[in-house]
Amino acid sequence: MNIELLNVRIFITKNEVTVDAIGNHKTSWVPYYSCYATVSAEAGKEDTDAGMIVDNTKVDFTTRWCKKAAALDSTHYRVEFNDTLYDITAIDHMNYKKKCIKLSCQKVRR
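Here the working numbering is used: the first residue of the sequence shown is 1, the next is one more, and so on.
For the record, the hints were derived by calculation from the structure and aren't laboratory data.
Keep in mind that this is a model prediction, so the values were computed, not measured.
Certain hints may be false.
The calculated lysine to aspartate or glutamate pairs, modelled on EDC-like cross-linking and capped at a C-alpha distance of 20 angstroms, are [as the list claims (entries may be wrong)]:
(1) Lys-14 - Glu-80
(2) Lys-58 - Asp-83
(3) Lys-26 - Glu-42
(4) Lys-14 - Asp-87
(5) Lys-68 - Glu-16
(6) Lys-14 - Asp-92
(7) Lys-99 - Glu-4
(8) Lys-67 - Asp-92
(9) Lys-102 - Glu-42
(10) Lys-107 - Asp-83
(11) Lys-99 - Asp-60
(12) Lys-97 - Asp-83
(13) Lys-98 - Glu-42
(14) Lys-102 - Asp-60
(15) Lys-14 - Asp-60
(16) Lys-97 - Asp-73
(17) Lys-97 - Asp-87
(18) Lys-107 - Glu-80
(19) Lys-107 - Glu-4
(20) Lys-68 - Glu-42
(21) Lys-107 - Asp-87
(22) Lys-99 - Asp-73
(23) Lys-68 - Asp-87
(24) Lys-68 - Asp-55
(25) Lys-58 - Asp-87
(26) Lys-102 - Asp-87
(27) Lys-107 - Asp-92
(28) Lys-102 - Asp-73
(29) Lys-98 - Glu-4
(30) Lys-58 - Glu-16
(31) Lys-107 - Asp-55
(32) Lys-14 - Asp-55
(33) Lys-67 - Asp-83
Computed spacing ranges between beta-carbons, pair by pair [to be verified]:
(34) Ile-22 - Asp-73: 28 to 34 angstroms
(35) Val-30 - Glu-4: 15 to 21 angstroms
(36) Gly-23 - Ala-90: 32 to 38 angstroms
(37) Ala-90 - Cys-66: 30 to 36 angstroms
(38) Lys-26 - Lys-98: 34 to 40 angstroms
(39) Met-52 - Glu-16: 17 to 23 angstroms
(40) Ala-90 - Leu-5: 19 to 25 angstroms
Backbone N, C-alpha and C define an ideal beta-carbon position, used for all residues, glycine too.
Can you build the whole structure from these sequences, using the hints too?
Here you go:
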């Protein structure tokens, strides 16, 4: 893996259930991991849904393998890049060689 291609910083957050002072359970996004990655396969697409224009941007992030990155899944984690949130749709472990991990992401709708 060519290290000089890892030129953008991404932040990975984890969805956890927290309990407040009076016992209410809430889901919140807490910081999990921060690393450098390569951005590739940017595909911007706008669709019309119920009269609204919806941005369906898809981006792939490739990062170095580590134990924290290997524990990622597509249901409990998301990526923050350039103050934009992306849901992880697929994780490719690149033939399980323990060199890099590719995260296929889609922009979060708000």
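Against the structure, the hints:
1. Lys-14 - Glu-80: With Cα atoms ~11 angstroms apart, Lys-14 and Glu-80 stay inside 20 angstroms; holds.
2. Lys-58 - Asp-83: 15 angstroms, holds
3. Lys-26 - Glu-42: 33 angstroms, violated
4. Lys-14 - Asp-87: 11 angstroms, holds
5. Lys-68 - Glu-16: 16 angstroms, holds
6. Lys-14 - Asp-92: Between Lys-14 and Asp-92 the Cα gap is close to 19 angstroms, so the pair holds against 20 angstroms.
7. Lys-99 - Glu-4: 15 angstroms, holds
8. Lys-67 - Asp-92: Given that 20 angstroms is the threshold and the Cα spacing comes to 15 angstroms, the pair holds.
9. Lys-102 - Glu-42: 13 angstroms, holds
10. Lys-107 - Asp-83: 11 angstroms, holds
11. Lys-99 - Asp-60: At roughly 16 angstroms apart (the allowed maximum being 20 angstroms), Asp-60 and Lys-99 satisfy the hint.
12. Lys-97 - Asp-83: Violated - the C-alpha atoms of Asp-83 and Lys-97 are around 31 angstroms apart, more than 20 angstroms.
13. Lys-98 - Glu-42: 24 angstroms, violated
14. Lys-102 - Asp-60: Within the cut-off at roughly 7 angstroms; holds.
15. Lys-14 - Asp-60: Between Lys-14 and Asp-60 the Cα gap is close to 19 angstroms, so the pair holds against 20 angstroms.
16. Lys-97 - Asp-73: 18 angstroms, holds
17. Lys-97 - Asp-87: 25 angstroms, violated
18. Lys-107 - Glu-80: 10 angstroms, holds
19. Lys-107 - Glu-4: Judged against 20 angstroms, a Cα distance of about 26 angstroms means the pair is violated.
20. Lys-68 - Glu-42: Measuring from Cα to Cα gives roughly 25 angstroms; hence the hint is violated.
21. Lys-107 - Asp-87: With a Cα-Cα distance of about 6 angstroms, the restraint between Lys-107 and Asp-87 holds, given a limit of 20 angstroms.
22. Lys-99 - Asp-73: 18 angstroms, holds
23. Lys-68 - Asp-87: 17 angstroms, holds
24. Lys-68 - Asp-55: Roughly 30 angstroms between the alpha carbons, so the hint for Lys-68 and Asp-55 is violated.
25. Lys-58 - Asp-87: Distance ~10 angstroms between Lys-58 and Asp-87 Cα, so the pair holds.
26. Lys-102 - Asp-87: 13 angstroms, holds
27. Lys-107 - Asp-92: 18 angstroms, holds
28. Lys-102 - Asp-73: 12 angstroms, holds
29. Lys-98 - Glu-4: 18 angstroms, holds
30. Lys-58 - Glu-16: Violated, at about 25 angstroms.
31. Lys-107 - Asp-55: 7 angstroms, holds
32. Lys-14 - Asp-55: Distance ~23 angstroms between Lys-14 and Asp-55 Cα, so the pair is violated.
33. Lys-67 - Asp-83: Not satisfied, since the Cα-Cα distance of roughly 25 angstroms exceeds 20 angstroms.
34. Ile-22 - Asp-73: 28 to 34 angstroms: 31 angstroms, holds
35. Val-30 - Glu-4: 15 to 21 angstroms: With a Cβ separation near 31 angstroms, Val-30 and Glu-4 fall outside 15 to 21 angstroms, so the hint is violated.
36. Gly-23 - Ala-90: 32 to 38 angstroms: 37 angstroms, holds
37. Ala-90 - Cys-66: 30 to 36 angstroms: Cβ of Ala-90 to Cβ of Cys-66: about 19 angstroms, so the range 30 to 36 angstroms is violated.
38. Lys-26 - Lys-98: 34 to 40 angstroms: Holds - the Cβ-Cβ distance for Lys-26 and Lys-98, about 36 angstroms, lies within 34 to 40 angstroms.
39. Met-52 - Glu-16: 17 to 23 angstroms: Roughly 31 angstroms apart at Cβ, these two residues miss the hinted range, so it is violated.
40. Ala-90 - Leu-5: 19 to 25 angstroms: About 21 angstroms separates the Cβ atoms of Ala-90 and Leu-5, which means 19 to 25 angstroms holds.
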